[in-house]
Amino acid sequence: MKIAVCLKRVPDTTAKVVIADDGVSIDPTGVKFVPNPYDEYAIEEAIARKTAAGEGETVVVSLGTDAAQETIRSALAMGIDRGVLLQIAEHPDPAAAAALLADELATGGYDLILMGKMAVDDSQHQVGPQVAERLGMACITAVAHLKIDGGTVTAEREIEGAVEVVRCGLPAVITCDKGLNTPRLPALKGIMAAKKKPLDIKPVTAGESAFEVLSLTLPPDRPPGRIVGEGPDAVPELVRLLRTEAKAI
Amino acid sequence: MSPMLCVLEQRDGTLRKVSHEIVAAGRKVADAMSTTVDALVFGHDDVEGLDALGACGADRVLVATHDTFRLYSPEGQTATIAGLAANYSTVLFAATATGKDLAPRVAARLETSCATEVTDITVAEGRVVVTRPVYAGRAIQQLRMMASTAVLSIRPNTFPVTDAGRPGTLESIPVPEFTANVEVVEVKAPAEAALDVGEAAIVVSGGRGLKEPENFSLIEDLADAFGQAAVGASRAVVDAGWRDHSAQVGQTGKTVSPGLYVAVGISGAIQHLAGMRTAKVIVAINRDKDAPIFKVADYGIVGDLFEVVPRLTAEVRKLRAEG
Ligand SMILES: Cc1cc2nc3c(=O)[nH]c(=O)nc-3n(C[C@H](O)[C@H](O)[C@H](O)COP(=O)(O)OP(=O)(O)OC[C@H]3O[C@@H](n4cnc5c(N)ncnc54)[C@H](O)[C@@H]3O)c2cc1C
Ligand SMILES: Nc1ncnc2c1ncn2[C@@H]1O[C@H](COP(=O)(O)O)[C@@H](O)[C@H]1O
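For the record, the sequence lines run as chains A and B. For what it's worth, our numbering labels the leading residue of the first sequence as 1, then goes sequentially. For what it's worth, our numbering labels the leading residue of the second sequence as 1, then goes sequentially.
These aren't lab readings, by the way, just hints derived from the structure by calculation. Note that the coordinates shown come from a computational prediction; the quantities given were computed from them, not determined experimentally.
With a cut-off of at most 30 angstroms between alpha-carbon atoms, the simulated DSS-like pairs for lysine-lysine come out as follows: (1) K318/B - K289/B; (2) K295/B - K247/A; (3) K202/A - K50/A; (4) K195/A - K178/A; (5) K17/B - K247/A; (6) K247/A - K318/B; (7) K50/A - K178/A; (8) K211/B - K295/B; (9) K197/A - K2/A; (10) K295/B - K178/A; (11) K178/A - K211/B; (12) K280/B - K211/B; (13) K197/A - K50/A; (14) K178/A - K197/A; (15) K247/A - K289/B; (16) K247/A - K280/B; (17) K32/A - K195/A; (18) K50/A - K2/A; (19) K147/A - K188/B; (20) K17/B - K318/B; (21) K211/B - K318/B; (22) K189/A - K178/A; (23) K195/A - K50/A; (24) K280/B - K295/B; (25) K16/A - K280/B; (26) K147/A - K178/A; (27) K16/A - K289/B; (28) K17/B - K178/A; (29) K32/A - K295/B; (30) K295/B - K16/A; (31) K202/A - K32/A; (32) K178/A - K280/B; (33) K188/B - K178/A.
Excised from the complex, chain A in its bound form (with noise of 0.2 angstroms):
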């Protein structure tokens, strides 16, 4: 089985977010880039069922600037065998990242293509199903749940209150979820072999982009809240403000 992993270089989630001198993008200065925590579920997808099958291809796909050769490296060095670099001088919009890595796995004969269910960075959920479209490949996303018998996938994700049982032929496109699988960490081998790996490096551009950003803020304060009381005493107080200040309940 021949499969490819999208991985996308991502702000650490922890890192505080200082807004750049554009108004429309984050300042990188002193912020730590990891690989994104849902692609993570993807590449431990791939190596674990190369490992179970024997036998097989795992490659890792990402579309970024020079900087996520290190990225590629980690899944290198977790156990991904060759990586590949779409060269790029800015993230792009979805539909355009969509397209790019899409035109790369095209030519791979992929049987499956594993990404994270969305990137942390701008939370927009849809450049698996947007390549998938592209390829005109079955696609499940959120998976958290994932069996493949023979050339059938069956897969689970869960919907709100519910878990909805989904199947598909390969090749597919199938989005991770928290739950599928626990992201091994790279031994001190692995990191040594995962300089010798081959990753190639495809500069791109991309098309037009599908939306303009016009500013990047902030999120408002919250107004500073108050300490109704200590103790079980307080209750009715709360209850009282919930009910005619915050009108809540």
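We have chain A; now place chain B with the ligands onto it with these hints.
Just chain B with the ligands now, with coordinates in the frame of chain A:
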């Protein structure tokens, strides 16, 4: 300006609450653009409550009926919407599991990007401008949608439903031919139909302060006292196996914007706040007066949750009994 298309969700023949919010959001934009609102419903049989959609703001209700629409049919619904989309200025979905699967498929057919988890929509110079949280809620982005048809998914509990008093005529529409490569075979509902944290108007969440998984009965009782409330959890207790992942609120769980969020025995780590800081009213109960949750809480009680919560449950019950 071309009309708005609102793609609704139903389960087992009943419209989901968020469906009314999609129509209300569509109405808001339609009024700004002086255009009309069509609501699209998929079903295999009768869907209840279609008459009420006029009141939410729909001028027409379009019903697409097909055997496979008993459950979600990604390809069938994509094909149906894609066939209509060019006639509309905006196609609105809910940012639910289904909407987040369907909207990007439709956007791909239109060769455009969609905007996910939209929290506000305005119109400027004839174009749709959306507001949406990014970086796990640590920043807010405004996007001007450039395509001739804007594809958006709105965050549940964000657009208020008001009475728009429209007639809401009903029409059935054809479903185009499609190949179903992806098939939803089953929806496994839990034994007790639980309200989802992402959709509930009130969320009561518990954290490690509860000490033992059994003590979550305190949280369940409080949620029950409020009525129409969902039970949420911090990641610490989800990872410990006390609660299902579907209940997790936060950066790696769900983002919730209920009218009322009650955090019990939750410290308020940044990743938890990422999931609930847009709640309208936040209440925190924690015995540590310096817990970070109090920085975002509108109302806090410093105290032992094992004493405070039962009292709160009793007081809320009393209040609701009085009406
Ligand atoms: C990448 C990443 C992603 C994460 N994603 C999430 C996420 O999505 N959601 C999430 O919640 N967390 C997330 N976390 C974890 C987060 O950092 C915290 O560890 C977690 O939220 C803590 O859970 P807690 O508040 O229940 O536990 P604790 O931090 O242990 O807090 C327990 C609180 O209970 C109080 N308490 C104890 N006993 C009592 C009592 N008797 N009465 C009253 N109060 C009492 C304590 O004072 C304390 O404040 C993430 C972390 C990382 C690194
Ligand atoms: N620049 C990128 N390079 C590689 N994969 C990407 C990129 N952007 C998005 N993806 C993939 O698409 C998934 C969903 O991203 P998004 O739609 O942006 O939330 C991610 O988890 C990745 O697997």
